[in-house]
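Trainee: Protein chains in written order, with the UniProt record's numbering: chain H, 1 to 314; chain B, 1 to 314; chain Z, 1 to 314; chain W, 1 to 314; chain C, 1 to 314; chain A, 1 to 314.
Since the hints were derived computationally from the structure, they do not count as laboratory data. There may be inaccurate statements among the hints.
[Stated by the list, open to error] Here are the computed lysine-lysine pairs in the PhoX-like style, where the Cα-Cα straight-line distance is at most 25 Å:
1. W:Lys138 to W:Lys199
2. A:Lys124 to A:Lys83
3. C:Lys175 to W:Lys309
4. A:Lys124 to H:Lys175
Protein chains: 6
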Amino acid sequence: MKKGIANYQIGDTFDYFLFIKTSSKGVASNGKAFLSLLLKDTTGEIDSKLWEATKEDEELFQQGELVKVQGEVGQFRNRPQLKIQSIRPVQPTDGVQISDFIEKAPVEKEDLMERITEAIFEMKNPNIQRITRHLVKKYQEELLIYPAAVRNHHEYVSGLAHHIVSMLNIAQQLKKLYPEINQDLLYAGVILHDLGKLKELSNAASPAYTLEGKLIGHITIMVEEVQAAAQELQIEGEEVTILQHMVLSHHGKAEWGSPKPPLIREAELLHHIDMIDAQMNMLNRSLSKVAPGEFTDRIYALDQRSFYKPTFEN
Amino acid sequence: MKKGIANYQIGDTFDYFLFIKTSSKGVASNGKAFLSLLLKDTTGEIDSKLWEATKEDEELFQQGELVKVQGEVGQFRNRPQLKIQSIRPVQPTDGVQISDFIEKAPVEKEDLMERITEAIFEMKNPNIQRITRHLVKKYQEELLIYPAAVRNHHEYVSGLAHHIVSMLNIAQQLKKLYPEINQDLLYAGVILHDLGKLKELSNAASPAYTLEGKLIGHITIMVEEVQAAAQELQIEGEEVTILQHMVLSHHGKAEWGSPKPPLIREAELLHHIDMIDAQMNMLNRSLSKVAPGEFTDRIYALDQRSFYKPTFEN
Amino acid sequence: MKKGIANYQIGDTFDYFLFIKTSSKGVASNGKAFLSLLLKDTTGEIDSKLWEATKEDEELFQQGELVKVQGEVGQFRNRPQLKIQSIRPVQPTDGVQISDFIEKAPVEKEDLMERITEAIFEMKNPNIQRITRHLVKKYQEELLIYPAAVRNHHEYVSGLAHHIVSMLNIAQQLKKLYPEINQDLLYAGVILHDLGKLKELSNAASPAYTLEGKLIGHITIMVEEVQAAAQELQIEGEEVTILQHMVLSHHGKAEWGSPKPPLIREAELLHHIDMIDAQMNMLNRSLSKVAPGEFTDRIYALDQRSFYKPTFEN
Amino acid sequence: MKKGIANYQIGDTFDYFLFIKTSSKGVASNGKAFLSLLLKDTTGEIDSKLWEATKEDEELFQQGELVKVQGEVGQFRNRPQLKIQSIRPVQPTDGVQISDFIEKAPVEKEDLMERITEAIFEMKNPNIQRITRHLVKKYQEELLIYPAAVRNHHEYVSGLAHHIVSMLNIAQQLKKLYPEINQDLLYAGVILHDLGKLKELSNAASPAYTLEGKLIGHITIMVEEVQAAAQELQIEGEEVTILQHMVLSHHGKAEWGSPKPPLIREAELLHHIDMIDAQMNMLNRSLSKVAPGEFTDRIYALDQRSFYKPTFEN
Amino acid sequence: MKKGIANYQIGDTFDYFLFIKTSSKGVASNGKAFLSLLLKDTTGEIDSKLWEATKEDEELFQQGELVKVQGEVGQFRNRPQLKIQSIRPVQPTDGVQISDFIEKAPVEKEDLMERITEAIFEMKNPNIQRITRHLVKKYQEELLIYPAAVRNHHEYVSGLAHHIVSMLNIAQQLKKLYPEINQDLLYAGVILHDLGKLKELSNAASPAYTLEGKLIGHITIMVEEVQAAAQELQIEGEEVTILQHMVLSHHGKAEWGSPKPPLIREAELLHHIDMIDAQMNMLNRSLSKVAPGEFTDRIYALDQRSFYKPTFEN
Amino acid sequence: MKKGIANYQIGDTFDYFLFIKTSSKGVASNGKAFLSLLLKDTTGEIDSKLWEATKEDEELFQQGELVKVQGEVGQFRNRPQLKIQSIRPVQPTDGVQISDFIEKAPVEKEDLMERITEAIFEMKNPNIQRITRHLVKKYQEELLIYPAAVRNHHEYVSGLAHHIVSMLNIAQQLKKLYPEINQDLLYAGVILHDLGKLKELSNAASPAYTLEGKLIGHITIMVEEVQAAAQELQIEGEEVTILQHMVLSHHGKAEWGSPKPPLIREAELLHHIDMIDAQMNMLNRSLSKVAPGEFTDRIYALDQRSFYKPTFEN
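Using the sequences plus the hints, can you model the full thing?
Mentor: Right under this line is the structure:
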């Protein structure tokens, strides 16, 4: 790929492929329609305008499409803006694909899957193991490409699997330090806790909330899924209730979306591991964008705090 | 039945049947075991002690049993206490049954069932109607005897069905006043919203929380039940999601146990109807115990408020 | 009336009467004064500019005036804007009046008054009846035209009377379902609870807060009015205190503006009836603007929630 | 007076006059009635029991009575208890009066009244002055004997007047330091802010909440009184609204009982002066009971804090 | 000085000295750099633009500099804006100095210092006196010029000393009214409580938060300073701990930044005195900008309230 | 040691050594003094009474003493109580020492110290290393014996060092998983964060809060100590400020006692590691006391939750 969109200066001409993250129609003061497109590649995003857009343009250039764009980089209200001179949908002969244009996890899908499979393999309790394996298989395809969230943390392709694997690694170390931990429960909780997002969100590349996501939410969706899996596998017993509880309580408090707080040791631990991995992901990415001696932008999901990077870091 | 336990005075001798609400074992200062029994009939409750209890006593006189008791009414720390002189389990020939000793709804079971059936019959949307009918049938037996809660409101036999029927009546009137209301949704929400209590609580007569009740809670239990019913009936479509949302959101706020607030008009209304009927049940019963010009005891579920009964009430 | 302002397209020429909802003066970059007018009829509102406004314009075109406007509908920052070419005050010969240009309740004033009178007539307690009748008579004129609020719910001409009548209807039905209710108290509470708004707000058509409204508030104003009415009618007794309490506590909690929470059964009920009617008014109007399958705009007074209109509604 | 009740030891015989602060009837384990009396003089309080109390005893020995008691000081649950051997109502010839047995302000009533009168005399705005003088005259008798509260601060005879005078002194000094202050408003606010307690509480010596106090509260009661005074004096104008606002807002926040927060400079200041004087009264009395180097008991109205008395105090 | 910047009208030409409060660089749509300068004198502030700014301009015209500016007063988005035609740094021969361009306390530095010295002189406890005197001497230079805060209250040159002296005056009066107060403690608390701001903020004229200010905060900084002073002076004893506590607790509550609430009488009082003086400073300045009968702008640090200025003020 | 106190039954005679955890004097109903002693060994605690205690008894049998006791185990209000028949202070010839009677960490002091020393040795930043080493040396003696808290978690001898070492182990593993972490900062934060407890608490065996602990608190105490260490070592630079910030912010929020929230990545992580280790310590100990299928007692520091031990644990 050529240099990314983030590296263009005002006045430069752009002529390459970009991914349409969002698309919306407006009417200009001359009464003619135009399209506002938010275009992106893995380096960043740029606002753009396609003036005097036709009905056909409107149908072609929708969210989730890949396009070839030619235009000039200008500026509007202190932010760069691409004024589109020509635009067309990507064709097979262009040899580019969506996955090249959106950020993804720093670990390969296959490696992530292997680590999850390994954790399931290590489980000793057959009920916990079978339910976990069943659900991972059922959702394997989406699991490997979905982000962990629409924004805030792990919001990239394979972000959910990446989050799970990082959490499994923390869990593995804590088990060594606190041998009382029931490893089966903790691993199963880590793997299952956010799978409901695969139904809460509409797709992996430019995810939006589904109706089920808005009205029911990923936590309750997943509690149901565990129940359905147990019924399908004809598993009865306390393990089912406790796995459901692990999922239900992992946000820690009613105000944060868990109608029951953790009442099992491993559920309490799951909540903390989830927070640590989500926060480290946010912090590392924010801090990587600033120099030593500077503060980051305010981080929304960390109570709007700006974090400081010490000058003695390098 | 003879005069109820609430009408005995200190010094009286009691010799009749009572229901064991709770039973616990203690050790006296002389090192011998005794049983503390909380005994009740429909008029009230009394603490009692069975001194020098044997192992056999302990097995016979457990929570939920009906017993014949003879003893004297004394006083301990300003509260009446029955000193048991003799006690035995009820025998078939005694001609008494548990239902005679515990409070129940002021409407007959059959009438409650008829009103619920009628509401289901009036539904026009077949998906909503079939799911509701399916779940009512599945749990009909428990539904007609369970209380609506362990304490606070409708905490008597058939209390849940009584609560549902009162709410149906409010819903029916509001539908007349606000014709925009989707009656099917509102009726289904009223009937289903608390059915999860049938699994949250252990039994109708002296209910305790089950493990599932403690770790999952009646709201999430019922959301799952709606899902399972839809699958069994092979119903798909938005009605399923929306019925689940009605159940999920009926406590109104995350802090009150609903991970999603009401996002459907009828869900918002369901929340208010539930509160009105629960509060009227509590208020009417508390106010019936005081004379005009007096304040009630503090009512726990109404923010510990004492309510005043005006002197011009009669 | 011709088609309403909401039905004009960009580029259309407008030439009819409109009501000035707000008016403010600005200075253009050329140093000349202009007027920003928010103009409305019953279908909607439009921003407009009167450039190079004279001192006389400023005096003529103030909030609350009716004007004849001719101009072109353009667009500014994605919103329609009327560029005024000519404007003049309405004259008697135009044959239009303010009431034709502002939204009003869907029920006639006379019918609203009749229903309120009927409720007063049904009261049996003479003290409650006389105080209520006295205050309704004293404020009858304003009561029949004021809105129930500046925004949020029933914010149209006769909105307050419409709100009272809807609440009376709910109260009537609840009395049938819960015969313990003191109907006199509940009806009086419904009729009186918001009458203080007649002094809290400056006028019916384009209401603003009065100094008394800002510094004292409608609840306390009305508690005083009940006291003054009782003195004038030489009524003493508990009814006076309890009617004052009904008004004082109807917001339900200190944080919501009631220094005492409801401590009377009917006061608690009044709070719920008020909330149900306000919410149904907001919800029905918001939902009427969206199609099945869509979410409404965020509703400020309902915790910023967007509500969903099911696809199976029609 | 002889040495006070607080100075008696276990085993001592008491034989003098005491005031009945509270009286309640109980039934002993032998089935006979007894009276529990809380008896006090200015030095402290003691629990006592009158065993085998007759109907006549019950009528004679009620809250608010002065009695001659003879009995022995014992101990019950680690607290002193007086076992009454004989008791009779006080007779005129005893030469004692209630005011000798209950705590009162450290300043004489006459001096308190003089200071309040002086402050009213200094007012320049005739409307503010006339309303204040009218209300002080109307309630002068009670004002000079009522406590400022049932408990917490200034809970003694003339406590309210004492609180007002202390606050006037602070107000006077602050006026010197901040000449922008409107002295008339601030003085009037200080004098009027708590006068509603004269109707909120039942009497000066052993005050309880009246029905009006419980259902309306002293703040709203006093706002009404200001309105009534203005009407009686035929005063109109902003002063009336602002005086009402001073009273209404003096608790500072809705959660603390003021439906409007202070929106006038002098209202904000009134809130702080009230808090300072109430807190100094509580703190000085609590600290006077402990030695240097000790912590006080937890003070309920100061967020349950215990305060420390430095060792270098003397 | 000529008439201040606040008195210029749109269209006027400005040609005098101003102080650069903030300076930031932008890029115009033609790709050229410009400087946005916020310029001020004691009468007010004005936005300005220096178009086509050179690298040298950027270095010369930074925050904290004094400049001679010539340009025309225009308008941008309804606010005045100065279009700079020429600008240069101030030269010694101009005979102006920064202190002439920034607001300062209405009392002279020398008088403020004298009052603080007098208060220290009055102290009787040698430990308290020596620590206080030591710290005042150590920071005397900054103390006399720093503001009390970046914004909100006393945000002008010598603002901190002005705040301290006003508080000392209140403390002196309260000591007269409540003789139990330990004057040494209260005076020391007043003088020391905010000295940590001298390290929390970067300088007096255009203060920003230092790293220590952001990561540690003025309260903890000052607690350390008291400790260090005691060590240097070889003072041991409870006075040190209690002075630290006075500083630590002066914000009143954990949520407001004090990890311990006041647990000493004088610490509680210090909190109230601080609030009164800060609020009077904010209120008097806000109210001085509006006419009788108007409301002030919303005051951020007073819970966003707008205050009313009565019409009977003059 | 013989079998512990926890293993005695009602009716048994006890005759061995115990440690006095608390001692208080009372007066019996016969007017004679007695001592209430809470006695303990490593297995548990028992209430006891020494009736008819002399002045000499009172001086001998104080908190923190080791005694030889002979008496009978009875019962009072459902709890075991030791009725002391004879008691004497321990003598050198008894061959017992306090450390045998109080609970201690499951790891030896020497091993704890070695692990801490190793972590300091691994540090690469000399400023961080020197400050940390200096403070560990300064407080080494107390550090190795103090508990981490008076109650809740690690409330046993060497509890603080045990808590530090467990946290170092978690920190070491997280560093491996997130290489961006600054290990020096995180290790130093772990070692220093709670050292202030050595001055907040009075001693290791039966700790109480010191005056400094109550008025200043361990967080602020330790921030000062870091400052003093840096001064003594003549270290300047950002490391000092950041180490202070790590200590200051480790409670995570103002409401929880940290006046600044974590603003450094490692400070955020320190907060989570602290919570995990404290919670695992509490949970493991509570869960070890119940059988599978049971709930623990409510755990105060975990929001009063009872945790469930699954039946499939063994």
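Trainee: Hint by hint, say whether it matches the structure.
Mentor: Comparing the hints with the structure gives:
Between Lys138 (chain W) and Lys199 (chain W), the direct Cα distance comes to roughly 12 Å. Compliance with the 25 Å bound is thereby established for this hinted pair. With a C-alpha separation of about 60 Å, the suggested pairing of Lys124 (chain A) with Lys83 (chain A) is violated against the 25 Å cut-off. Distance check on the hinted pair: Lys175 (chain C) and Lys309 (chain W) sit about 17 Å apart at the alpha-carbon level, within 25 Å; holds. Annotation: proposed proximity of Lys124 (chain A) to Lys175 (chain H) is violated, straight-line Cα distance about 29 Å (limit 25 Å).
Hint compliance for this structure: hints 2 and 4 are broken, all remaining hints hold.
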